[in-house]
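Undergrad: This is what each chain is made of:
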Amino acid sequence: MKLTKEARAGTLESGDVLVIVGPSESLDIRVESPVIRQFGESIRQSVRDVAASLGVTGGAISLEDQGALDCTIRARLTTAIKRSLADE
Amino acid sequence: MTLQTKVVPSLREAILRAGLRDGMTLSFHHHLRDGDNVLNTVLAECSLMGLKDLTVNASAIMGCHRPLLDFIEDGTVTGIECNFMHANVGRSISRGLLKREVIFRSHGGRPAAMERGESPVHAAFIAASAADAAGNCNGKEGIAAFGSIGYAMPDAEHADYVIVLTDHLVEYPLMDASITEDRVDAVVVVDSIGDPKRIMSGTTRVTRDPIGLLIAEQTARAVQASGLLRDGFSFQTGAGGTSLAVASYLGGIMRERGITGRFASGGITGLLVDLMKEGLFETLLDVQCFDREAVESIRENARHGEISASRYASPTARTAVVDHLDVVILGATEIDTDFNVNVHTDSNGVIMGGSGGHSDTAAGAKLSVIVAPLVRARLPLIVDRVGTISTPGEDIDLLVTQYGIACNPKQAELSEKLRYAGLPVFSIHDLKARAESITGRPARIESSGRTVARVISREGDLLDEIRTVMG
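Protein chains in written order, with my numbering: chain A, 1 to 88; chain B, 1 to 471.
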């Protein structure tokens, strides 16, 4: 399915990530992170994993990462996607 | 002979009398910390005078020295030698702004290089919060009082021409002079040497972060278990919240057990002043004051002594304070499995610090302890190889994190003592694996650009090189 509504989860606190999702035909992933060189590919892979596990094939997914752990990134993204899909 | 007054009418006149020409070296000290006006003011004047190709030799480049970048771009400055460089300037240096390589030394290595003639200074610019017309001066009196002037003492000793800048001219003779007239060529009265609000933080405080407190408590227990915490104990720590917490916990143990320390040294904080006043340390040896309490104490208390950078840490000194140290508590941005420590560059290889007294105290102290959280913003503290070697692993004995303690394998006896005391001792490889189980394994960053800085050991040898980082 494709995301049709903007939603967000998370914060800009250190160790957290702010996830903003919105409508898009394809899966567009944008990541900003202080650890992009060390974990950029790992973060993108987690985003693809979570999107796939929730059946999302289209959506603009933006992460403003503040050095969040992988479990945090997955949890925030899951919540943002569920909020986007709620009430539909 | 009749004494000519040394008070010159302007900074420009002092620079002219110093005979500064293109290609020469100017020195500065950083006791005014982030409130310093002197370095920027002097370079602005040199730029207006059309001087080119100067080298700045400063004990530290602080965040407020960002205008230095403008003087690099206009060609006034083409060389930097320092013991610390704030990221405000470091980021541009890491991108390759400066053609010549920055030379990083330590607080002890800098005066040693001057003494050995490897680092000649043509004109020293010494900021003093009080001075008389003959150049007797200190940092203890006046509106911009900053306390110890220790890092500037070798500059006064070795520079060809010594200029004192002050905003508080007093009648001759200034009695409690730290640098004396026999070494001073000129005195310049300026409106302000620095912003007193930014020179000193208010009170430096013990951390309230539970991870920092846990690390500090474990560190104090490790120091106690080492057997070094006994009457006559000598100690140094920084002004960071966790370091202060270590001092606080150690003070608690000393109070409880009736132990009196001989001295605490280095950068001095109000917390150490309190421990001295309570009688837990007999004396303080102070090369730099970190807060107002320390400034007041060094002015008022005879047992709070001022020391030069040479006496503090120079390897060419006959003996130095660091050689008397039992324990030093130090930080790290990275540490590797050989215990090498990086405090120069961040995880991307960008310059954001420097040794300061790190490598000097680690080399001198009987027990050198690194305190740091095992993970910072998803980055593991422990790596296979640090981005920059600031302090060689052979000088580090212990790493204390919130997940446990790692002991340098060369210290097998210490490791046994810590285990016997019930402390959680692991191999550094185990702690590294523990961190990576939390963060994931970071991709390795290779730097391949040209060299932008050289890190020189306190003995004067090349310790490491820092390369350009793009982006």
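Among the clues, some could well be false.
To be verified - Okay, the calculated beta carbon distance ranges per label pair:
| id | chain 1 | residue 1 | chain 2 | residue 2 | range |
| --- | --- | --- | --- | --- | --- |
| 1 | B | Arg454 | A | Ser24 | 44 to 50 Å |
| 2 | A | Thr11 | B | Lys410 | 33 to 39 Å |
| 3 | A | Arg8 | B | Asp209 | 26 to 32 Å |
| 4 | B | Asp160 | A | Glu32 | 46 to 52 Å |
| 5 | A | Arg8 | B | His429 | 36 to 42 Å |
Simulated from the structure, these hints should not be mistaken for lab results. Predicted model, so just to flag it, every value in this text is computed and none were measured. The C-beta atom is built at its ideal place from N, Cα and C for all residues, glycine as well.
Undergrad: All hints, please: hold or fail.
TA: Consistency of the hints with the structure:
1. Between B/Arg454 and A/Ser24 the CB atoms are about 49 Å apart, so this pair conforms to the stated range of 44 to 50 Å.
2. Between A/Thr11 and B/Lys410 the CB atoms are about 44 Å apart, so this pair departs from the stated range of 33 to 39 Å.
3. Restraint check, A/Arg8 to B/Asp209: a C-beta distance of roughly 28 Å satisfies the suggested window 26 to 32 Å.
4. As the Cβ distance of B/Asp160 to A/Glu32 is approximately 51 Å, the hint placing it in 46 to 52 Å holds.
5. About 40 Å separates the C-beta atoms of A/Arg8 and B/His429, a value consistent with the hinted range of 36 to 42 Å.
Violation of the numbered hints given earlier is confined to hint 2; every other hint is satisfied by the structure.
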